[in-house]
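Full structure from sequences and hints, please.
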Amino acid sequence: MTSNNIEYLDCDVIVVGSGGTGSQAVQAAAEEGLKVIVISKDPMSSSDTKICEGVITVREAGDNTDTEEVLSENIKLAGADLPDKNITVAFANDSKDAYDRLRVNGLRPSINKEKNKPKTLAIAMGGHNKSRSVGHKNSGVAFGHTNWDTIIKYKNVEYFEDCWFLEVVKEEIEGNKGKDIKVLGGIVYDAARGKILFINAPSVVIASGGLSSLYFPKTDTMRGNTGDSYALGIKAGADLLDMEQIQFLPFCLASPPSYEGLLAGEPSTASFLGVLRDKNNKVILDSVYLRTRAECSEAIMRAVEDGRGSPNGGAFLDMTKNISAPKSGKYFMKYLKSALPSAYNNARQALGKEAGKAEIPWEVRPSAHYSMGGIRVDEYTRVIHSAENQYEPIIIKGLFAAGQAMGGLFGANRLGSTSLTELAVFGYRAGKSAAKNANQSVKNKNYDIFHKHYFNFKNLFNKKGKLKPYKLKLDLQKKCWDNIGPARTEKKLKKMLTYLEKIEKDLNNVNVPKEMIWNQQFLDLIELKNMITTAKAIAIASLKREKSVGGHVRLDKKTSSLFSKPYSTLVKINKNNAFEAFKLLRQKTPLKRIINYKISEKFRFMKAKILRILPESISDKIIENKYKNILGTDQITIKPGSLDGAPGDKVNQI
Amino acid sequence: MEEKYLNIKIKLKRNNEIKLIEYKYKKRTYDERPMALDVLLQAQEEQYDDLAFRYGCRARNCGVCTIDVNSRPKLACRARVREGDILSAIVTLPVIKDLVVKRDGITRQMKGYNNIPKKNDLNEDADKLYHNLTACIECYACLDGCPVHAKNNIADIKKNDAYKYGNPYSFLKIQRLLIDPLTPDSEKHKLIDKAKRLGLEIYRREYNSFKIKCGVGINLKDEVIKPLLDAAYGDEIEKQNK
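Protein chains in written order, with my numbering: chain A, 3 to 656; chain B, 393 to 634.
These aren't lab readings, by the way, just hints derived from the structure by calculation. Note that the Cβ used here is the ideal one computed from N, Cα and C, for glycine as well. Incorrect hints may appear among the rest.
With beta-carbon atoms standing in for the labels, derived distance ranges [what the hints assert, rightly or not]:
hint	chain 1	residue 1	chain 2	residue 2	range
1	B	D614	A	L564	45 to 51 Å
2	A	Q589	B	N507	43 to 49 Å
3	B	N407	A	N448	34 to 40 Å
4	B	S463	A	E503	31 to 37 Å
5	B	R474	A	K623	35 to 41 Å
If you want it as structure tokens, here you go:
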């Protein structure tokens, strides 16, 4: 490879990622008149935001009692006290303005003319203590257009797609508390043009999404979620928070292959009489509609673990009792079809007509959906590293992270419709912080340090080993599912770490050609490396989280008690260049509030139990009335990932 | 008894050389009717680890996996394949490698098109037609058969150039902004000028002879091109008729 292949660029702000978060960061920085470069490995704005359900949390969309304190506390409680209060407050403060910015850029909700506000969903979304979720026609695709239009708008924004951001270039400088880290820019592989880009920039925003492809094909998200954000972050010196907290949706498809991983339903889909069964037809979970996603996933994965799983490693969601009930049966179909239309369509297309009528059980299996943990940032999205003491955070100068890339907002559980607000609030904050930093920085003109950084990547072209990066990637994905997936044990987590050591050694023996135009093996190798780094962080964080909490399910340990002190896990690369995990104690919500939550939970399960004990003729009648109540409203929509989809999450998250 | 295999041809393109390979797709169940994407994924796993193709959501939402199946643009994730089918890159954009095409010449031609002042009141309902247009997933299936896009020289993949002539997607973007309730009337002529600069007139000349198909079923001729032509040339047509 010759230096002809290197292109030297400079700008004020680099934004890595062109989805919801990236486009908001672009706007914030471009408005300041700065030169912005956007780097995207997928086509512009083809991100998780584009394929999501398009429901967003907007404070006060319902009524004016929805104060900033109310929303902020709601998020913190839902996250089992793991969220950082400064960040949940920022979320609540900015949510209205953030939404209006998207509207200026072309997002058009339906308007409630009486209130002169966007219409909220007919039923307040589960888990939210106020009605504040606004849906959109064409779901995420409408957001996709908005994001695209935002990036395209400014003359001072340059855009590169088919480009893989390889590394944050940084230098160490003397600071007040020892060595500080300062960002100088980034190195990019432009696969379409066969070039390496050295981009000099004082500010870099990491907005490159999540990690769910670690579990491919057991995921309902975009292919590109290979943990790039977290790998870029931790390698630049950042702390990673709560990496064990991954949201799995329990009822996703296990077959046929073309539909594998896609959403089939939520706990609420099971309705009043739906149960989960193992392959021997034994009920493994009842009252499914009241359960949390984690409880459902746990029941399925325990059955699989004991050899009682379904043919494709899941269990059976049996809703036949709902349909066969004499009076309420006819309402069930209407409920099933209208509650989660896109998920229902997936299930009917994938599993066939009989399944579509719920006459036979559905084979279901959990899928990875969202990473609640991520790069440790402050409320201005400035990335933090803790050199000596995790309670003395130090800012990495010039590095910012937002959206799914960041941690500290959701902790152990995410309320439905909040991730779109997260990206709009913190994407924009990141762009503003990055602009401010760029304005205060003296520009670096020297590319020597880039050459030094690039040396490691240069050697990855033209490797004459025997192993195929793509094959290694597939193997890693399988191991991630088995060992750091929706059901974990200490033994599995340790096994994973041993495996990761092995696969890291395998990287020395891969085969990569030297070609520069779209070198597929090189791309796979880069993503594989990011996946390995991320998987390691998840495994190490999981070992530090000794009990089941939220998205982290330990089969060998009990669920965290409500009396225990909440803590976040923190993973960083230590002085010896090894990954190390710490606990970061969090402030606990007053016990009285937690107990209120617990009491309401018990009450709900008692009601469900009574429904099962009553003679069918009576329970059927009660259920019929319940359906009439739900279906009587003009529209019911339950969005995947929302707490409406799993009403149990609402009360069982502490 | 169903066959256990499907023979599918995949057209590779590397360093300006074209090679047709035959891949024997192993059905995973006897009654499997795989999508084109399933074939590509299996081919990559079993035989061609360097096979280049795009995909994203696997559920017809993200619009990045468009390829030609027997010379017709299809979303690979939802296009069922049959014995003997040929999979290749779409022909309307330059091929980078195998099935991957360079798409950003279209993005670049739209730079700044929407940088116009907006009305202040955000609480205005958009028309149904507006939402019909935001159903577009940008799959670029509509480039096939478009007489305007056909005027472009296929771009050099080594350069990040913008296309001169438009296509149904770029015109959809303009039409969407024209019917956006937040776009003031005083700004609309700028959008129409942009459409004219992208070669809208070609549609006017060839309106009855070209056929385009939308990947997600938007009526592009009636809801995008016709209203744009009316807005741009309506007066002239009226004059002619008089």
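Cross-check of the supplied hints:
1. B/D614 - A/L564: 45 to 51 Å: 60 Å, violated
2. A/Q589 - B/N507: 43 to 49 Å: About 45 Å separates the Cβ atoms of A/Q589 and B/N507, which means 43 to 49 Å holds.
3. B/N407 - A/N448: 34 to 40 Å: Holds, since B/N407 and A/N448 (Cβ atoms, about 35 Å apart) stay within the stated range.
4. B/S463 - A/E503: 31 to 37 Å: 49 Å, violated
5. B/R474 - A/K623: 35 to 41 Å: 52 Å, violated
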